Amino acid sequence: LAKTTQPISMDSYEGQEVNITCSHNNIATNDYITWYQQFPSQGPRFIIQGYKTKVTNEVASLFIPADRKSSTLSLPRVSLSDTAVYYCLVGDRRDSSYKLIFGSGTRLLVRP
Amino acid sequence: NAGVTQTPKFRILKIGQSMTLQCTQDMNHNYMYWYRQDPGMGLKLIYYSVGAGITDKGEVPNGYNVSRSTTEDFPLRLELAAPSQTSVYFCASSYRDRGGEAFFGQGTRLTVV
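In the order they appear, the protein sequences are chains A and B. Residue 55 in the numbering used here sits at position 55 of the first sequence, with consecutive numbering throughout. If you want the numbering used here, it's the 1-based position in the second sequence plus 112.
Just so you know, not all the hints are guaranteed correct.
Straight-line distance between alpha carbons at most 16 Å, and here's what the computed EDC-like set of lysine to aspartate or glutamate pairs gives [stated by the list, open to error]:
| no. | chain 1 | residue 1 | chain 2 | residue 2 |
| --- | --- | --- | --- | --- |
| 1 | A | K3 | B | E171 |
| 2 | B | K156 | B | E171 |
| 3 | A | K99 | B | D168 |
| 4 | A | K99 | B | E213 |
| 5 | A | K54 | A | D67 |
| 6 | A | K3 | A | D92 |
Distance ranges between label pairs, derived from CB positions [claimed, not checked]:
| no. | chain 1 | residue 1 | chain 2 | residue 2 | range |
| --- | --- | --- | --- | --- | --- |
| 7 | A | Y51 | B | G115 | 23 to 31 Å |
| 8 | B | G152 | A | N19 | 18 to 26 Å |
| 9 | B | S130 | A | F63 | 41 to 49 Å |
| 10 | B | A194 | A | Q16 | 43 to 51 Å |
| 11 | B | G165 | A | Y13 | 47 to 55 Å |
| 12 | B | N140 | A | V59 | 23 to 31 Å |
| 13 | B | P195 | A | N19 | 34 to 42 Å |
| 14 | B | V172 | A | F39 | 19 to 27 Å |
Bear in mind the hints are in silico, worked out from the structure with no lab data behind them. In this text, all values refer to a predicted model and were calculated from it rather than measured experimentally. Beta carbons are placed, not taken as given, at the ideal position from N, Cα and C, and that holds for glycine.
With the rest of the complex left out, here is chain B (with noise of 0.2 Å):
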């Protein structure tokens, strides 16, 4: 049971690149997440996903994009890389429930130069 599988795991853009960041989760969850944790700060929502083709903001969307064609996979999209992107993104997931327990990915580091 893999849980929650972030790819890759390090990477370092160039300034105006794109890529993106693949998130797939085995345990049929509903609930998906992005975040981005920058050093010494807290966790901050990029965008969220309650199931397969629905996806609403978060607190910090904006430079980036998200879909959900299924229900396992959230990929994060960013356009026009800029250095502010520079972070530790998290993926998690969770069941549909009242305070339903998140798993969360390993992370992926990003460096834009």
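Pulled out of the complex, with its shape left as it was, chain A reads as follows (with noise of 0.2 Å):
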């Protein structure tokens, strides 16, 4: 089970880009990267992604460099309400083993 690594925290103002970085470097071949966003008393929401290269939706782009040991994920222009946490996951679901684990995410905090 390929375990990730975050920042435990950051800070960004409006307008402004936001890129939080995820540390993989035992992903496996068939495993996906993907992001979740939470807000304060909600569930966790999906965000984005993606396997290589880069990925890109109306919420966020996901930077993936060739070896796949790590992932970025860059939210544009963040505003005050993107102040969440983020969180970074690496696994393959087909895999009957696959535990969809959090970590402690990234607590990212937008000022005006």
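Reassemble the complex: the two chains are provided individually, in unrelated frames, and hints are given to aid placement.
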């Protein structure tokens, strides 16, 4: 089971781009990288998922280098409402031993 | 489309009481999960299920039991409630594909006094 490491917290200001990096040195060949966002008193919400290179959706971009040992979640022009905890998960759910394990996440604070 | 529905939303239990937290999903997902989240902490996996009739322990299973008799339902049973079980409980479900997006319920806030 690939372990992930993320910064505990980050600060930013409205309108800035925020990049949160996740380290997953033991990622397996079939593993996907998935990011979730959690607001206080709510369950986590899926943001983006990728396998390699770059993935972009209406909310964020995910950059994955060729060796896949890390990934970077990029949030363009953050607003106060992006203040949340962001979790990086790695795994292949087709593997019956895979458990959807959340780490401690990165607590992002966006200031005015 | 309701997604993942948890009941109740709030509950206060006395030490030693028992209760069942209900979780239902209407997306025909194979996988279902139960988590607990203590204040200011990350989510801890209690139990999970890869399909009806199949369950397995997560990171913190002690004090809890689960069953999965149908695809839709995955109840979590607390026997002999203890103050240490005061937490917010989240249920989630997902398809069994590679990275599959997981959908979470709104949570049950449980206080044991």
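Going through the hints against the structure:
1. A:K3 - B:E171: holds (14 Å)
2. B:K156 - B:E171: Holds. K156 of chain B to E171 of chain B sits at ~6 Å (cutoff 16 Å).
3. A:K99 - B:D168: Satisfied, since the Cα-Cα distance of roughly 10 Å is no more than 16 Å.
4. A:K99 - B:E213: holds (13 Å)
5. A:K54 - A:D67: holds (13 Å)
6. A:K3 - A:D92: Holds, at about 13 Å.
7. A:Y51 - B:G115: 23 to 31 Å: Hint holds: Cβ distance 26 Å, inside 23 to 31 Å.
8. B:G152 - A:N19: 18 to 26 Å: Given range 18 to 26 Å: holds, Cβ gap about 24 Å.
9. B:S130 - A:F63: 41 to 49 Å: holds (48 Å)
10. B:A194 - A:Q16: 43 to 51 Å: holds (45 Å)
11. B:G165 - A:Y13: 47 to 55 Å: Hint holds: Cβ distance 51 Å, inside 47 to 55 Å.
12. B:N140 - A:V59: 23 to 31 Å: Once the Cβ atoms are compared, 26 Å apart, the range 23 to 31 Å for V59 of chain A and N140 of chain B holds.
13. B:P195 - A:N19: 34 to 42 Å: Once the Cβ atoms are compared, 40 Å apart, the range 34 to 42 Å for N19 of chain A and P195 of chain B holds.
14. B:V172 - A:F39: 19 to 27 Å: holds (23 Å)
In summary, the structure agrees with every hint in the numbered list given earlier.
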